[in-house]
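Asker: Protein sequences, first through last, are from chains B and A.
When you read off a place in the first sequence, starting at 1, and then add 236, the result is the number in my numbering.
When you read off a place in the second sequence, starting at 1, and then add 236, the result is the number in my numbering.
Hints are not guaranteed to be accurate.
Remember, identical chains collapse to one label, so a pair may be satisfied in a single copy or spanning two.
To be verified - As a list, the in silico SDA-like pairs of lysine to any residue whose alpha-carbon atoms are at most 20 Å apart:
| hint | residue 1 | residue 2 |
| --- | --- | --- |
| 1 | LYS631 | LYS710 |
| 2 | LYS240 | GLU503 |
| 3 | LYS592 | HIS817 |
| 4 | LYS456 | ASP393 |
| 5 | LYS478 | ARG403 |
| 6 | LYS684 | ASP648 |
| 7 | LYS551 | PRO561 |
| 8 | LYS613 | SER538 |
| 9 | LYS240 | GLU293 |
Derived from the structure by calculation, the hints contain no laboratory data.
For clarity, every value in this text was computed on a predicted model and none was experimentally measured.
Read off the chains here:
Number of protein chains: 2
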Amino acid sequence: MLYKIDFEPLGRRGHCPDDKSLLDCARQLGIGILSVCGGQGKCHSCKVQVLTGTVSEPTSSEQDAFSSQELEDGYRLACQTYPLSDCKLRVPSESMTTLQRTQVEGVEVAVRPKPTVHAYHVQLPTPSLSDLRGDAERMLETLHHQHQIRCSHIDIDVLRDISPQLRSWKWQAQASVRNNEVVALGPWPSRQLGLAVDLGTTKIASYLVDLSNGQTLAAKAVMNPQISYGEDVINRIYQVVKSPADGTRLQQLAVEAVNRLIVELCETADAEAEKIVEAVIVGNTAMHHLLLRLPVNQLAYSPFVLAVRDAMNIKSRDIGLHIAPGAYVHLLPNIAGFVGADHVAMLLAIEATQAKGVVIALDIGTNTEVSLLDDDKITSVSCASGPAFEGGHIKDGMRAASGAIERLRVTDNLIQYQTIDGMPPIGLCGSGVLDAMAQLYLVGVLDKGGRMTQNHPRVRVRKKQREFILVSEKEQEGRPAITITQQDIRELQLAKGAIRTGIQVLLETTGHSEEEIDQVVIAGAFGTYIDVASAVTIGMLPSLPLTRFRQVGNAAGMGAKLALISRSKRTEAQAIASRVHYIELATAANFNPSFVQASYLGRYRITHGKRKEID
Amino acid sequence: MLYKIDFEPLGRRGHCPDDKSLLDCARQLGIGILSVCGGQGKCHSCKVQVLTGTVSEPTSSEQDAFSSQELEDGYRLACQTYPLSDCKLRVPSESMTTLQRTQVEGVEVAVRPKPTVHAYHVQLPTPSLSDLRGDAERMLETLHHQHQIRCSHIDIDVLRDISPQLRSWKWQAQASVRNNEVVALGPWPSRQLGLAVDLGTTKIASYLVDLSNGQTLAAKAVMNPQISYGEDVINRIYQVVKSPADGTRLQQLAVEAVNRLIVELCETADAEAEKIVEAVIVGNTAMHHLLLRLPVNQLAYSPFVLAVRDAMNIKSRDIGLHIAPGAYVHLLPNIAGFVGADHVAMLLAIEATQAKGVVIALDIGTNTEVSLLDDDKITSVSCASGPAFEGGHIKDGMRAASGAIERLRVTDNLIQYQTIDGMPPIGLCGSGVLDAMAQLYLVGVLDKGGRMTQNHPRVRVRKKQREFILVSEKEQEGRPAITITQQDIRELQLAKGAIRTGIQVLLETTGHSEEEIDQVVIAGAFGTYIDVASAVTIGMLPSLPLTRFRQVGNAAGMGAKLALISRSKRTEAQAIASRVHYIELATAANFNPSFVQASYLGRYRITHGKRKEID
């Protein structure tokens, strides 16, 4: 009996016979799980967590390796465990021989730090029988006296420590003031830190920032653990509609992941989480609502209405974030539908308000947001591009981790490729998939409609469909071949067609032609690593001179950082959000004909739903 | 072997031999514990909770009656349990044959309701593809459009339900607005309720109020369960100093008690706790700090400094109060030392700012706060009067419950008394103790110095001290006699001397003589029930015409209600608190000589530490 095993967070899938252990299956697929003792159950290094599916009973080695709570949570040794059904596993990072590529860098905008939270040095008079003011009033009045700052109150959680702290600091303190509130106290001098988070559907990127100079002290990213409740936003929302209690669970998963990132960031920067006096979190509207446990049912049906659109300031304790107890979390404003605060952050980072000419700005992900900037007008759509570019729904797809093919060229029979970290190939990440599709089109294996020819020595038929062998079993030295199937091509056509359609709808709504586009700004992890020429070749992006494309990395994360260190950037974000004209793609008049045309491969222009090929 | 058994919350103590059950001991003392089956362990009606001390192992009846958690918490059947040491028991109200007198009424001041939270009817436009505003923005903008109310935000906990609620209410809602925030939403029309709480050291009084008309819908009181951590504020503070974790426990106890009161108030008024959109809580400074889990260590040593003096507004969820999730709790301002928000509330209720002439206002309790009002000046002190007037430290003292002697007259050999609910006498509550002391002084059993004569047929010697038999064993039909001992008199002299000293220090500080006092306002449960003539006879209060005394009941609770229904009363409270001149009694120059004089019995005046008797 063969079972399908899904290895998360790599996103790599394969089949495993029931007489092979999960470790054997991983090896078969080339996934690097640690196994110091060689699979004897002695070293306990090959830990995995079974998320779904049935597996064999724990062996005595596993009883030794795990607590009963861990066993209940699905923790197992891969070498001791045999599948009894299709399974989804999580491979913890400590069990991996090589680490996943996480991408946190992006454009940097020079901005003079002027954060919402400001630190003041306060030297308080000592209480006496003739000065019996309360500790809180003493602090507030001294702040006013020494700095002309009039605060109305001190956060209740700060007050819960104020008396012993002021005494142990000998009446000298640093007060962190936010608007009219004291949100943190520390000994003088203390670091004032901030946290910026880009909460993506697939990945969470985080940044620890020194608020005094805007410097990034550490940056970390992890996979979004909500993935076990659905790969894309629609599936996670449906999950909460079906089972409202999962809303709480999804929130916890996101918050726990961010809390773990905070611990790691602080370790790297030798900092304390209690010094983080402000956080900014951005995400698409579903991530935003799920993080705050806002209702999402109304986001599941048209008209897709947000519970909250505007920027929010909430106490970190109200979502359980472990930073300074009195600190706030600032959520940048959303736009509408599925165009959320992460897109606003991206527009902030690329300085959308100062853009010249016609600019297309897109953040490619499981959900792709596209904006067209034209003078001071911004028009936005959201396209459900799906998980194909993150390795989902693609037979040998995987996320951007060691051993993923990220670049690929086909010359006749010769396949040349480059893998992440130069490791033996185990699958294709998004940029590799995109290259493969473009190359197969260029060498004629795929026609304009995406149909795969059978007249190529590397094309074979398996399970009643054609597939192109990128790396054969022989080249793999016995491990499974890496192929791209006709079905994969269809998935990719849907994904890239959705993005191209979004661009077309924006152009037609604003009355511009493709030639008038002065710049295409591509943000997001996938967008950073793609070969733009391949994206143009398959018709995902309009055919324009390559100099007009700009890949900006994790611009959403950069925007979150800007909003963290600059009050005026927050104001700008609110201005951007309220200026955007949002188009509901499904209801756009020109959506359907465009979509059909946009799924074609090759270089072409679409005008009024008609496709015209170029050269 | 005889053990001392303390029955809480009655405050009645007695001795029990180790071969008698706790039920027998209660019967012996006349305490009415239910016992339907007559002590066979079958009916489970005589439940008690052992708070401290060691008792016999649970019998099989008790194993049946209680869960293992309950047994662990000290729950036992009184008929099955035998003491193995001195014990402190709690008798739950459901196990009592008669209920304790709880006193919640007080002066009522007519005030036009204008609460901090106001309700608005909102009729929202339905979302459509051409109106995709978020639900929050739709609410805020409609409020502005329909009522010219500009709110900045909606509480996060309100937002967590907003989308399904607005849809189920068909886009018609009631918004509860507090300053610039929406703190609750309900269907239109909904009741808007408020909660006022007087958190006393011994008793918690609570009021459920209709905010639209200021009407009190229900009033309830319970004993403060923190009592098991110390009878007075000093002991509770020391407990937290010694064992900081107890700070959390003391907070929980207070919050749980208030949460239970909320449930009972809502049952009585047929209301829902989620409709309570605002709460006002007053208490002395220790109760205030312990409720909020503010630091108290600095309150344990001179100079006694508060963590927070000013009025506070905190989210109900930040202390775990179960009212509307977005509601605020307002804490009236404290004054200083141990003069807290309850005294401010009392001054508010008696309209201190409009008082004419020289007024002494005192709230007698375990801690007694006294203010002298003189034109627009207010001078305040706090006196540690101790628990004697609540039955503590008095051999046969008890709280004001069924069977307590509350009035008493002595004529030669004849003792006449009145008990609460006309039940057979089981002890003396505060007003009874006060009467006894005054009567014994008047008939010559006590001299001015408080010494008890031995030349009275009802005076006997027990355990090497004289005691006066109020009710003999014979009159008690075999139950223990009720007596007042020389030691009791000494305790009472300390208590009443502290109060009189407070008054004297205020008079001397402000340059007034006793004769100039135009009115003495007496608040608090004990103060309501005392015979003022007795209080004057023993020199607790100055000798003035009885028409100058005014007993106003639970004025602190009434003040909390005023602050609940009227914004302007809150402003007035803040003005009162900041206007008060506070005197630290222990450091007042005239404290010690006054205190010695003030412990004398009889009618006299004290001037500059000298006592002068009046006829």
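Asker: If a hint holds in the structure, say so; if it does not, say that too.
Answerer: How the hints compare with the structure:
no. : hint            : in the structure
1   : LYS631 x LYS710 : within (19 Å within a copy, 98 Å between copies)
2   : LYS240 x GLU503 : neither (38 Å within a copy, 57 Å between copies)
3   : LYS592 x HIS817 : within (18 Å within a copy, 66 Å between copies)
4   : LYS456 x ASP393 : neither (28 Å within a copy, 30 Å between copies)
5   : LYS478 x ARG403 : between (53 Å within a copy, 18 Å between copies)
6   : LYS684 x ASP648 : within (19 Å within a copy, 120 Å between copies)
7   : LYS551 x PRO561 : both (8 Å within a copy, 15 Å between copies)
8   : LYS613 x SER538 : neither (25 Å within a copy, 66 Å between copies)
9   : LYS240 x GLU293 : within (19 Å within a copy, 59 Å between copies)
The structure fails hints 2, 4, 8 (numbered hints given earlier, in ascending order).
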